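Peer 1: For reference, the chains in residue letters:
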Amino acid sequence: MSPKPKVAFFDFACCEGCQLQVANMGEELLDILGAIDVVEFREVMSEKWDQNYDVAVVEGSITDNHAVERIKKIRERSKVLIAYGSCATIGGVNGMKNNFPLEEIRKSVYGESAKFFDTIPTHAVGQVVKVDYFVTGCPVYPPEFVKVLKCALMGINYEVPDYAVCVECKLNENVCMYERGLTCLGPVTRAGCNSWCINNGNICYGCRGMVSNPNIKGAQDVIARYNIDMDLVQNKMNMYNKCRELNKK
Amino acid sequence: MKNLILSKERFEHFISLLAKKHNVMGPVHKGYDNFSFQPIKTAAEMTLKYVPTIIPPKKYFMPQYESFLEYDKTWGENMKAVVESEALVLFGVHTCDIAGIKALNIVFSDRPRDYNYLSRKKDVTIMGLECNEYCDEFASCAMMNNHLPDGGYDLFFTDLGDFFFVEVSTLKGDVIVEEIPVFEEALGRHFKELQGLRARKAKTFTNEVGIEYQHVPKILSDTKESLIWNELGDKCLACGNCTNVCPTCYCFNIWDEVNLDLKTGKRVRMWDSCQNEGYAKVAGGESFREERSARQKHRFFKKFKYMVDRYARFFCTGCGRCSRTCMAQINLKETLKKLKEEYAR
Amino acid sequence: MTNRNVQINVEYLTRVEGHGNIVVNVKEGKLEKCQLDIVESPRFFEGMIRGRSIFEAQHITCRICGICSCGHTLASIQAAEDAIGFTPSEQTIRLRRFLLHMENLDSHLLHIYLLVAPDLLGVPSFVPLIASHNKVVRRALRLKKTYNNVCDILVGRHIHPISSIVGGFTKLPRPKDMDAMLDLLKGSRPDIEATIELAKTLKFPDFTRDTEYVGLVSNDNIYPMLMGDIGTTDGVRMDKYGYKKITNEFVVPHSSAKHTRLSRESYAVGALARLNLNYNKLHPKAKEVGDALNFKPKVTNPYLNTVAQLIECVHSLEESIELMEEMKKTGLNYDEEITVGLNENNVIPVKAGSGVGAVEVPRGILFHHYEVDDAGIIQSANCIIPTNQNVNNIEYDMKKLVPEILDKTDEEITLALEMLVRAYDPCISCSAHFLNVQFVNR
Amino acid sequence: MKIQLKDSLYTLVRGKVLRTRQLTELEKLFEIALPEGQSLDHEPGQFVQVSIFGVGEAPISICSSPTKRDSFELAIRKVGRLTRALHELEPGDEVGIRGPYGKGFPVTLMEGNDIMIVGGGIGIVPLRSLINYIIDNRRDFGKVDILLGCKTPKDMLFGDEVETWQKRVDVNFSCTVDRADPDWKGNIGLITSLIPGVNLDPNRTFAAVVGPPVMYKYVIQELRKKQIPDRQILVSLERHMKCGLGKCGHCQIEHFYCCQDGPVFSFDQIKDLEGAI
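Residue numbers (our numbering), protein chains in the order written: chain L, 4 to 252; chain R, 1171 to 1515; chain Z, 25 to 466; chain S, 10 to 286.
Just so you know, the hints here were simulated from the structure itself, not pulled from any lab data.
Any given hint could turn out to be false.
[Claimed, not checked] Only pairs whose alpha carbons sit at most 27 angstroms apart, straight line, appear in this in silico DSS-like list of lysine-lysine: (1) S:Lys280 to R:Lys1436; (2) Z:Lys159 to L:Lys51; (3) R:Lys1433 to S:Lys280; (4) S:Lys25 to R:Lys1433; (5) R:Lys1503 to L:Lys150; (6) S:Lys11 to R:Lys1342; (7) R:Lys1190 to Z:Lys352; (8) S:Lys15 to R:Lys1229; (9) L:Lys150 to R:Lys1510; (10) Z:Lys432 to L:Lys51; (11) L:Lys7 to L:Lys51; (12) R:Lys1229 to Z:Lys195; (13) S:Lys25 to R:Lys1250; (14) R:Lys1510 to S:Lys280; (15) R:Lys1451 to S:Lys15; (16) L:Lys153 to S:Lys11.
[As the list claims (entries may be wrong)] Partner residues aside, some chain S positions facing chain R, computed with beta carbon under 8 angstroms: (17) Gln13; (18) Asp16; (19) Ser17; (20) Leu18; (21) Thr20; (22) Glu247; (23) Arg248; (24) Lys251; (25) Cys252; (26) Gly255; (27) Gly258; (28) His259; (29) Gly284; (30) Ile286.
For clarity, every value in this text was computed on a predicted model and none was experimentally measured.
We treat Cβ as the ideally placed atom computed from N, Cα and C, and that holds for glycine.
Make the full structure from the sequences, and use the hints.
Peer 2: Listed below in structure tokens is the structure:
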């Protein structure tokens, strides 16, 4: 029998909620642990590993120079790198920082002590090193995480669905937010979460990133019909998706 | 075939008894004029005057997600072709949705036959319910001639005030009316009231688009190059709502899901949509319908031409769901009207 | 022994939430340096939330922390509603109290089983326990899953709850949902009892240091979690708007978390502080368990925070069952379900104002403070996290502890310190975000 | 309730990889045998659905002649998730097979007639099955012309086999490349340039055309110039068939399902269809 793959979990700037999503899987977690050897997982383990990793699972955004160095080292030591959670895959809420000049936001939080705190514009992990698998979502949707982990272990690729949240939302027979007179980011956001937020009465905030080929003009028409200020929509879109602007450069 | 009546006073009793013996699904109000077929136990949970449900009853015939093959690396004895099926009674299915089920029956009974669909179909009892009034401005059931019962159900209910007129259409239906003895024989005056309703309906259910549906295939072929398709493409968000809610859309995708042991797994299929980005992509990455306009056009042609050429049956039931659900306001009736105008020119 | 040198440098403390280092330097028996460095990258939540709608505050600030996301949610909502002058309904308050209990159960159990138990059983993590104590591990995962499932039903998910927002809930549980939640809660009783039995067998280090304990206090008979004034074991009491006088935040260079102090050099918050302040208001069953575990407030051994958490678990479980049973009996008013969207401000009227939320979350008292303009746009925000309030206290604990255990090996000292920090159940990624710096030199 | 079905359209047969051969950097040839010497019994131009456990399934054209009965061959280009995994397989490994599916080349109809084969790039894969079938039954067919084209000489699949066709006296063979290398002695230019030079009797000629989507339009134009009737121009179309059973909708071209009604169509069947070519 071949040895179990060595898997390590790492976190950068994030809330660590995605790691907890994994810990929250209950006894199913033991099935996962039967398939892999977790060699590092700082939040719940004290064990350390000094060799290479078969799979590195990375949560969080890259927000300072120290993190850039650290993620590069992790990448060098890992055969496969999975970015999980919106912070890692698209920058997530940490990207909102990029709405402000760096100096200004540093001073606003730490005042005179700002000099102690190094910071760079928020980057998604994939904007710093090569990422093999993406599990988006804030937090990650556990069934998708398991699916991606299995793909990684089998060495086959996983593609994040490139159709709108609406597809899944409709299958769940939710009353459309637009029908309720509300605007929702579902039509331009990638599915894969089983329309989690809308199932629970809230709108989609776009945490899974945008579909690859959104009909921008069509979406603007729809939004205009509901008398919604474009700035408001842009602002909402930037809650999770601000970092995509770094791709354009 | 026989005809019965069910007095309104006994209706609640009928549903309760039915629900004791069977898994009953009926139309349930979800708020904001939205309805959905859901499991019910009592008549009170249902809303019988409803506009078409968000998802049509096709969900009981071809589940959104279904595993159909369980297998492992050995490809040998451990391979099992499976179907998951539950005996169900669907109560309150409108004639448009019955037409949708009939369309799906044709696709899945066409050789090679799809046993997963067919074994599930065998398990479903359909109790239709007539629309006495017109539902809303999106429907075009009169144009498609689907506003009157025309088979495809086991029992058919028509609300005639203080009683339901009940048409028993199949043996399966007959077994149910025998096992739940709440029905009475239909008499002459009952038939008369039914005829009265149908006469009234003839006045309100009139062709909504002003095109004989038999002419639509020709209109479409002649407006293939029309700019109207580009207009639809500009509006369309490619969210796939129109196909997911369509009672005759049946496209699906297939993939494998491995269990955590990485040794056993299953093959599953799930609804897919010709509107989704990747639907018509081949391995090399080329997509045969890259433009959203081409995808919308494909949808219209599929409903009104391709399937007519193949099965001599229209795959639009006139339920109006696609227009009702479209946030970009792509409207089937309006589009047909525009195409007709262009065709006439 | 007294002349020995000790150099401890724990980089990336494990089994805590977030990144922290311990640095201890003893030279010839004299403690020269004893620090808990918080090295989490700052995320600037209070800075980046400026200019956003008050209705987005909860959605964003609950993402400060994955573990106490429901706690942030509730503190944020309280501050936001306070700022715009919205009074939640009785039903909403009950459901929020219920949610806070779920947060408490989930978080405490994670801490007790996955973070602390390995120390007490002498292993580096729960992974070896899968083989040696399989039943215990399964019970831990099962318990966590149970309370997560309750959260799934109530608010969509435990991490970053979906339906709990300013104004109330976007989706209210139906009768069958309430039954399902009750079944889950009642079904977890045997596992909680087994946890108590396990706790009786565990031995905690013997160490005490008297400090000031801070938490919510109230005049009614409810064990204060969601609402109340701020009170301390040194006798301070004030309303929640005075929170800045309590916390006295100051920045120290070795830490991206701000430190706090009140009547003495430091103070502590958390389960231990709450029990020291409000032990008599616990559910009778929780008090029974407290007695059985020989817990007699005022308790000044920080390691016993873990025991305090377990007692609170019993309280949260029993009180949440009672709350849900009452709600099931009276039924819920589904008209209170609210809808949100981008055009949110039409639903609930807004006005300019300033609001504070003070909520007891698993690790202690959490403050959120917002100022909004008349369009409901956030002008400034401030969040003071329990772990921040504890960091200073932890350092003073370490300063007292190290000289007491200098006769032990470096490894033993390191472990004792790590265990001490873990006992506080620090939530470091939380504590690394602050705003509104008031540089305090005393 | 879960019921086990006795017959399902989706059941797989075990196929054993006997041999593999790297054809080019991207293409690899697999020789596969079914259990107990069972024959696949296909028509030239048909395809099979090939599965790898956990990775999925994809339609692949059969490139060996049905006259070869104890095993069949697939030439697979590494482009997608499944084909990448297939390339990792070694002799002795097993794959799942279902099929053969679809309508292949109507060989009985073509018998007694002249045959013109036009293959571009990877189009040679399904055509190889037809060519070898014709060669193995050479007396049943009239004059045979084979025209092949590809980007550069090294992209030519089945080079050694092509050489044997070239050497046959009962086959007229010509070949062209877009870009030559110094050793290349043949034609340079598009495949369409080869057609005018072929001497043929249009009424008794069947043309079989397979190549990349862009090729069809221009080749067919040339064939029609030669007066070959549309119903005698045969093409094979590529679509992503998911089920292979005319159900899933992915390969639909107007009222046809490419997987059941094709992949081989006569040009008169599809010339007016939206997006067919």
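Peer 1: Against this structure, judge whether each hint is valid.
Peer 2: Structure-based check of all given hints:
no., hint, verdict
1, S:Lys280 to R:Lys1436, "40 angstroms, violated"
2, Z:Lys159 to L:Lys51, "25 angstroms, holds"
3, R:Lys1433 to S:Lys280, "47 angstroms, violated"
4, S:Lys25 to R:Lys1433, "18 angstroms, holds"
5, R:Lys1503 to L:Lys150, "42 angstroms, violated"
6, S:Lys11 to R:Lys1342, "22 angstroms, holds"
7, R:Lys1190 to Z:Lys352, "25 angstroms, holds"
8, S:Lys15 to R:Lys1229, "24 angstroms, holds"
9, L:Lys150 to R:Lys1510, "48 angstroms, violated"
10, Z:Lys432 to L:Lys51, "24 angstroms, holds"
11, L:Lys7 to L:Lys51, "17 angstroms, holds"
12, R:Lys1229 to Z:Lys195, "25 angstroms, holds"
13, S:Lys25 to R:Lys1250, "20 angstroms, holds"
14, R:Lys1510 to S:Lys280, "25 angstroms, holds"
15, R:Lys1451 to S:Lys15, "33 angstroms, violated"
16, L:Lys153 to S:Lys11, "25 angstroms, holds"
17, Gln13, "5 angstroms, holds"
18, Asp16, "7 angstroms, holds"
19, Ser17, "3 angstroms, holds"
20, Leu18, "5 angstroms, holds"
21, Thr20, "5 angstroms, holds"
22, Glu247, "6 angstroms, holds"
23, Arg248, "6 angstroms, holds"
24, Lys251, "5 angstroms, holds"
25, Cys252, "6 angstroms, holds"
26, Gly255, "7 angstroms, holds"
27, Gly258, "3 angstroms, holds"
28, His259, "7 angstroms, holds"
29, Gly284, "5 angstroms, holds"
30, Ile286, "10 angstroms, violated"
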